[in-house]
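**Q** Read top to bottom, the protein sequences are chains E and P. Using my numbering, read the first sequence as starting at 10 and increasing by one per residue. Using my numbering, read the second sequence as starting at 15 and increasing by one per residue.
These are computed hints drawn from the structure, not numbers from a lab. Just to be clear, a hint being listed does not mean it is correct.
Stated by the list, open to error - Stretches of chain E that chain P covers, calculated by requiring three or more beta carbons in the stretch to come under 8 angstroms of a beta carbon on chain P:
id : region
1  : 24 to 37
2  : 60 to 73
3  : 133 to 142
4  : 146 to 153
5  : 207 to 221
To be verified - Here are the simulated distance ranges between beta carbons:
id : chain 1 : residue 1 : chain 2 : residue 2 : range
6  : P       : His189    : E       : Asp147    : 42 to 50 angstroms
7  : P       : Ala38     : E       : Asp84     : 23 to 31 angstroms
8  : E       : Ser23     : P       : Ala190    : 51 to 59 angstroms
9  : P       : Ser50     : E       : Thr197    : 32 to 40 angstroms
We put the CB at the ideal spot given by N, CA and C, even for glycine.
What follows is each chain in one-letter form.
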Amino acid sequence: MSDFWPEIAPARRSAMALLIIDMQVDFCAPGGWVDQLGEDVSNTRAMIAPIQRVLAAARAAGITVIHTREGHKPDLSDLPANKQWRTRVHGLGIGDMGAAGRILVRGEPGWQIVPELAPIEGELIIDKPGKSSFYATDLEEQLQARGIDRLVIVGVTSDCCVQSTFRDGFERGLECVVLEDCTAAVETANHAAAMDILKAYGGRWGGVSNTAGFTAMLEHADA
Amino acid sequence: MPDTFPTIAANPYAWPFDGQWNAADTALLLLGFHESTVRNVGAQSELAVAMGLADLAHSLGIAVVVSQRAAEALVSDLALYRSKAVQHRGDNAFFGTQLEADLRQRGTHNLLIAGLPTDGLVHATQRTANDMGFECLLVSDASKATSPARHTAQLRMTTFGNGLFGAVADSAAIHAALAPQGNLHHA
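Hey, can you work out the whole structure from these sequences and the hints?
**A** Take a look at the structure:
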């Protein structure tokens, strides 16, 4: 599929990565942080199965797979005071003890990637303290070192970390495509709006495709 | 304790989160008020609201920081601030610029943000500011998106989860907090 990438150009598999954002227990599993806040995790949880399919396709095609995890150091030295305050007032603060360990703290059970999507040997893991996968991480350097300039973005949530990462990828000159059937928000209305914003004007910062488009593109891509 | 302005009645919480803001630790960011953008999104009234805030901020000694995309012309209303405008290449006033360093050097923690379009330059910049830890307030009637639905949606995303990217208020709430009769009190 030559129309998967917004700028139609030969796309080699070695120049692509599948970026799976924050598919962590705290965001998409019963007993995780969002669930403990009393929010509905069914939207985010429903993305596990479709992402399993694109992950299998990416692994089979041999393209680079990158997982991100939002989380903070155990001493919370990388946690902005307002981020902690807002989450505490919301009901359960980042760094506080919850049912699956300390909320969004590195190494805790709730911070782990859900077992269905666990990284395997050789896949890159990016630990990020912010919403954007590029903020205070070495993602850009890791991509440059591998000669990767195209990102296929999936994960949660579409209105927050996915949208921030997509916008920041564009700023850095990367070709980014979000797979619409592999990303979700806690609130369905926010997800629909996020997709509208990303698609407007033919895709201001990159493309929006889906699993079928991704697998078809992989079949036609050179090694 | 330093003097602080009264908090601003905002959604989802009274801004700023810690109740502390003054002329020294706050900046007003005016993003993307280019002649072409004001024309394209029809933002003359939002520009007027933003200029009212700029006048108020300037009179109180709050820094007014203007961003300008390379090759775009700023509206003439901003002539006072043009010489120090942050020049950026794309949709994010922090990317590849000195904006963060300048704000930190000045001791800025709090950002009042207004601009065009809400779903473009404004949200890209506010998202990064939030990751950096700045306490952000988006001024709803001094910003306009490429459609009313997109404006509403970005505001919803901003306030989701008790302020995923900060808080939202209209300009009247800011003017009320800074009304001359009570704009400084001891915390």
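**Q** Enumerate the violated hints, using their earlier numbering and listing them in ascending order.
**A** Numbers 1, 2 and 4, in rising order.
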